[in-house]
Every structure is written in C-alpha cells, then in structure tokens.
Amino acid sequence: MNAITERIFRYKKINFAKLEEYGFTKTDGKLVYQTLIIGGQMRLTVCVDGQGDITTEVLDLDTEEPYTLFLAPEAVGEFVGSVRCAYENALEDIAEKCAERQVFKSAVTHALFDYAYQKYGDSPEYLWEKFPDCAIIRRKDNAKWYCAVLTVKACKIGMEGEQMLEVVDLRCDPDELVKLIDNRRYFAGYHMNKKHWLTIPLDGSVPVEEICSRLDQSYVLAKK
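All residue numbers for the sequence shown refer to my numbering, where the first residue is 91 and numbers rise by one.
Please note: incorrect hints may appear among the correct ones.
Unchecked claim - Straight-line C-alpha distance at most 25 Å; calculated PhoX-like pairs for lysine-lysine:
#1 K195 x K120
#2 K120 x K102
#3 K102 x K220
#4 K116 x K102
#5 K234 x K103
Unchecked claim - Estimated spans, in silico, between C-beta atoms of each pair:
#6 T145 x E186: 30 to 40 Å
#7 L270 x N105: 32 to 42 Å
#8 E147 x R97: 16 to 26 Å
Source of the hints: derived by calculation from the structure; they are not laboratory data.
Using N, Cα and C, we set each Cβ at its ideal position, and we do this for glycine too.
Take these sequences, add in the hints, and give me the full structure.
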C-alpha cells in the first residue's frame with residue numbers, strides 16, 4: 091500500500107458488500123475495480139483482497155506502462171499534479187462509500203464501545219483532529235466524560251516498551267483507586283487527574299467484563 095492509499099484508508103474498515111454495489115467485481119479471489127481518469131488517458135485499477143488490503147495501479151494507455159511518478163511527493167508539475175489529484179479523488183470516493191470508520195484495532199476496545207452504546211446509548215466522539223486515534227464517551231445529561239480511549243506508547247503509562255497500545259481512562263473513587271494501582275493491570279490516569287482517574291490497557295490483561303464494570307462506576311461518578 092502506497093503512502094496516499096495508506097493515508098486515505100488508515101482509519102477505515104472495508105465493507106465488502108458495498109464494494110460490489112460500487113462496481114467491484116470478483117477476480118482471482120479479489121475484488122477489482124477499474125475506471126478511466128485524466129480524460130481517459132489513464133486507467134486506475136483498485137484491488138481489495140480478503141483481508142481488506144488495497145493495491146492500486148495507474149496504467150498509461152498510450153504506452154501500456156504503469157505510471158508511478160505521481161506517487162513521489164517531490165514530483166511536481168501540472169500533469170503529475172493532475173494525476174495525483176484524480177487518483178486521490180477516486181480513492182476518497184471509494185473510502186467514503188465503501189468503508190466505515192475504524193480507528194481502534196483491539197477487540198477489547200470494540201467490546202467496550204458496544205457495551206457503552208447498548209447500556210447508555212453513548213458512542214465514542216473524536217474531538218481532536220491532530221489526534222484521530224483518541225476518543226471520548228460522555229454522559230448525555232451533563233456532557234461529562236466518563237471514558238477516554240487513547241492510543242499511546244506503552245512506556246507512557248508506565249509499561250515497558252515503545253509499542254503502541256490502546257488504553258482506557260476511567261473515573262474511579264480515590265480510595266479504591268489507591269488500592270487498584272499495581273502498574274501491571276491498573277495504572278494512574280494518563281493525561282487525567284491521577285487522584286480520580288485510572289488507566290487500563292486494552293490488551294486483554296484485564297477481562298472485558300471487569301473493564302465494563304469499571305465503566306459503570308465511572309458513569310455514576312461522572313454524574314456528580
């Protein structure tokens with residue numbers, strides 16, 4: 091996947107049924123779509139495999155050779171810019187019509203979001219353009235946050251390593267919080283008041299049911 095395609099589909103999950111509605115056809119185990127761009131001078135081919143991985147090719151119909159210059163960020167010029175713009179527009183249209191927003195990867199994160207929606211009718215909100223992989227959930231009655239899911243380096247919360255990790259910040263009673271923090275499963279609130287918030291890695295080290303119970307407590311505490 092090239093840099094342009096990665097940027098457009100980075101936080102997207104492909105809907106295969108919508109691809110077929112869009113005009114993709116099954117070919118050799120993949121879904122393939124072709125369209126002409128640049129006034130018919132170029133043919134864009136988009137292939138999506140069973141895992142949702144996307145590959146593309148822009149073919150110059152005059153030379154019957156792949157055209158790749160537009161993929162180089164340093165390449166400038168009216169024609170190169172026109173091809174790059176047409177390519178981006180075509181992929182953005184596919185992303186808008188055939189993909190759904192999916193920022194987080196962890197199954198625990200999705201289970202937590204499902205629980206919050208099913209019990210409280212609350213969905214994650216993405217408030218920061220500069221931090222698209224962070225979200226909050228708040229109460230409807232007073233707009234107070236009771237859940238924040240962040241993507242951070244493990245070492246930022248006190249774990250070892252530089253790997254990126256999804257974590258949840260939840261409100262907690264101060265007396266209970268002191269007893270819970272063990273710097274293995276429970277950590278002091280990241281980017282929150284450490285007397286009233288705790289952080290839990292969403293890596294499976296804490297069962298989903300336990301996290302959901304903590305979410306319920308956080309919801310109640312956010313009423314005050």
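Here is what the structure says about each hint:
no., hint, result
1, K195 x K120, "holds (23 Å)"
2, K120 x K102, "holds (18 Å)"
3, K102 x K220, "holds (17 Å)"
4, K116 x K102, "holds (21 Å)"
5, K234 x K103, "violated (29 Å)"
6, T145 x E186: 30 to 40 Å, "violated (20 Å)"
7, L270 x N105: 32 to 42 Å, "holds (39 Å)"
8, E147 x R97: 16 to 26 Å, "holds (18 Å)"
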